[in-house]
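Read off the chains here:
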Amino acid sequence: MGRYLLRRLLISIPVLIGITIAMYAIVNLAPGDPVTALLNPEQMSNLGPEWVEEQRQALGLNDPLPLRYLKWLGETVQGNLGYSTVDRQPVAETIGDRIWPTLKLMLTVIVISVVAGITLGVLSALKQHTFFDYLMTFLGFLTVSIPGFFLGLILIYVFALRLDWLPATGMYTLGQPRSFTDDLAHIIMPATVLGLAQAAPIMRYTRASLLDTIGQDYVTVARAKGLKESRIVVGHSLRNALIPIITIVALNVPSLLGGTVVIEQVFAWPGMGTLAISSVTGRDYNVLMGINLIVAIMILLSNLLADVIYAFADPRIKYA
Amino acid sequence: MSTADVRTLGATDAIPERRRGQRTVWSLFRRHRLAVAGMVVMGILIFIGIFAPLIAPHDPNAVSLANFREPPTSEHLLGTDAQGRDVLSRIMYATRISLSVGLVAVAIYVVIGTVLGGVAGFFGGWVDSIIMRLADVILSFPAIIVIITVVSIIGPSIFNVMLVIGLLGWPPIARLVRGEFLTLRGRDFVTASESIGASSPRIIFRHILPNATTPIIVNATFGVAQAILLEAGLSFLGLGVQPPTASWGNILNAAQSFTLLEEMPWLWLPPGFMIVISVLAINFLGDGLRDALDPRARR
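Respectively, the protein sequence lines represent chains A and B.
When we follow our numbering, the leftmost residue of the first sequence carries the number 2, and every step to the right adds one.
When we follow our numbering, the leftmost residue of the second sequence carries the number 24, and every step to the right adds one.
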C-alpha cells in the first residue's frame, strides 16, 4: 500500500507540472507589464523608460519564458506563490484564509449528496415503476438541468427574503460569537443547492445497481434462508453496490469545485470561489494561478484518497 | 475472407438492417414521451430564437427612463428592467443568443474531438498517449475555473465564451471516437476493405466514422445542454455575454442585487425558467435519442 501510494504521488507530479506550464503560458499572455501596472503614470514620467528597463532587468522579466517558468516553479515548490497585486498579501496567505470555508462547504455537500442519493436511490429501486420512482427520475433530471445559481436565487428569495427563516449570505453572523446553529443556518442553502446536483448521479447509480443484484444468486440464497426483505436489501444487495459510490464522489470533485465558484458568489461565501471571481475582476493573476494550482492538487489528492478508501472498503482490492 | 463473402455480408445483413433500423429508431423515440415533449419545446424555442425580431413586441435595447422597473402590464407583459427595457423582448432575443452559444460551442468541440480522437485511434503509439493524457487532464479540471482564468485575460465576450467552451469540451468526443477506432480496426469488414485496397481516408470516413455518429450525436445533444448552463453561469457572473446583448444568464445578473431580487421577480424568474426549460428539454431529447439510437443501451 505504501509503495503504491508513493508511486501514485510520483505519477501525479508530471501532471501537475503540465498544468503549471499551461497556466504559466496563459497568464503570461495577459496584456500589461507588471512593472508599469503597479506605478501611477505621473511617477512613471519622472522615472523615465530607462528606469523601467532597469527594473525589468532586475526583476528578471527580460529572461526567456522557459527560464522565468523554472524560477517561478522553484519559488512555488518552496511555498512562495508570489504576492497578490490587490491586497499586497502573500498569495499563500490569501488562499490559506479562503481554503477552509470552501473545504467545509464541499465536505457538507458530499455528506448531504451521499446520504440523500443512496436513500432516494434505494427507495426508488424498491418501488420500481411506481409514481415515486418516476418522480425521482424526473427530479434527477431537473436537478441537473437547473442552474445552481438560479436555484440559489429562488431559495434566497423564498427562505431569506420572503419567509426570513435563514440568512441570505455569508458563513456566520458578523459581530456575534460563533455558534453551531448560526453556522448551520448559513450553510444549509448553499450546501443544499450543490448537494442536489451531486446527489442525482449517486441516486441513479444506487437504483441501477440495486436492481442489477435482484436476480443474483446470493440474493436468492438470502431470500431462501428466510431473511427479512430489509436485511436482504441493506446487508446483501446494497453492501456491494455502495463501494463504487466512492469513485462517483471522487470523479465529481471537479464538477463540485466548479459549482462552488458560482454558488459561493451567490451566497457571498468567503471561500476560494469568491476569491477567484474577485481576482478576475481585479486582474490579480498571481492569486488566480495560485487557485488553479491548489485546485489541481485538491483533485489529484481526492483521486488518491478515493483509491485508499476503496482498498479499505473492498478487501478484494490489493494494491501492489 | 474473399470478396464474395464481403458482398454477401453486405447484401443480406446491412441493407435490411438499415431499413428496419430507421423504423425502430422513430418508434422507439416516440415511445419516450418526455423526449418527444423535449423535441417540441426545442422546436418552439428555436422558432422564437430565429423569428425574435418579428415576434418581439418591443426593441430589446430601447432604454426608457420614464417607465423603468415597471411590473407586468398589458403593454409590457413581463414588465421592464432597471433601464426601462421590455423584459419579454429581451428574453426572446436572449433565446437566440443562448441557443447559438450552445450550438456553436458544441459544433467546435465535436469537430476537434472527432479529429483528435480519430488521429489518436488510427495512429496509436505516442500520438495516442499524448492526446489522451491531455484529454484526461482537461476532463479532471473544473471547466469553469479554466474558463474564468482565460476570460480574465482575453476579456469576456460572446465570441470568447463560445471559443473557450469549444476548446475545452472535446475530450469526451475524442475518447468516444478513439474507442470506436480501436474496436473497429481489427473487425472483418475493415480488414476486408483494406484487403481490396481501400485508401486510409476511405476506411476512416466510409467505414469507421459512420459507426461513431450515433454516440457523437447523443453526446453532443447533452453537450448543448451543458454549454447553455455554462454560458448562463458565466454571463450571470458577468464573465460571459456582455450587455447590452441579452442572454438568459446576464438578465439574471441583475438579481445579484437583493433589492431587485426581492422587488422585481418578473425580471429574474422568467429567464431562469427559460434556462431550466431548455436544458431539461435538451436532456430529455438526448435521453430519448440514446434509448432509440444506441442498441447497446436498449432494454
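In case anyone wonders, no lab produced these hints; they're calculated from the structure.
Beta carbons are placed, not taken as given, at the ideal position from N, Cα and C, and that holds for glycine.
Hints may contain errors.
Here are the computed distance ranges between Cβ atoms for each label pair [claimed, not checked]: (1) A:Ile318 with B:Asp317: 29 to 39 Å; (2) A:Ala23 with B:Ser87: 30 to 40 Å; (3) B:Ser87 with A:Pro67: 49 to 59 Å.
Per the computed footprint, the stretches of chain B lying under chain A, defined by three or more beta-carbons under 8 Å from a beta-carbon of chain A, are [unchecked claim]: (4) 72 to 83; (5) 198 to 207; (6) 277 to 286.
Results for each hint:
1. Distance hint check for Ile318 of chain A and Asp317 of chain B: the Cβ-Cβ separation is about 31 Å, which falls inside the suggested range of 29 to 39 Å.
2. Checked against the hint of 30 to 40 Å, the C-beta distance between Ala23 of chain A and Ser87 of chain B comes to roughly 47 Å, which is inconsistent with it.
3. Roughly 56 Å separates the CB atoms of Ser87 of chain B and Pro67 of chain A, a value that falls within the hinted 49 to 59 Å.
4. For a cut-off of 8 Å, the count of residues in the segment 72 to 83 of chain B with a CB near a CB of chain A stands at 0, and the three-residue condition is violated.
5. Remark: the segment 198 to 207 of chain B is not confirmed as covered by chain A, as 0 of its residues place a Cβ nearer than 8 Å to a Cβ of that chain, below the required three.
6. Taking a C-beta to C-beta cut-off of 8 Å, the segment 277 to 286 of chain B contributes 5 residues in contact with chain A, enough for the three needed, and the coverage statement holds.
Comparing the model with each earlier hint shows violations of hints 2, 4, 5; every other hint is respected.
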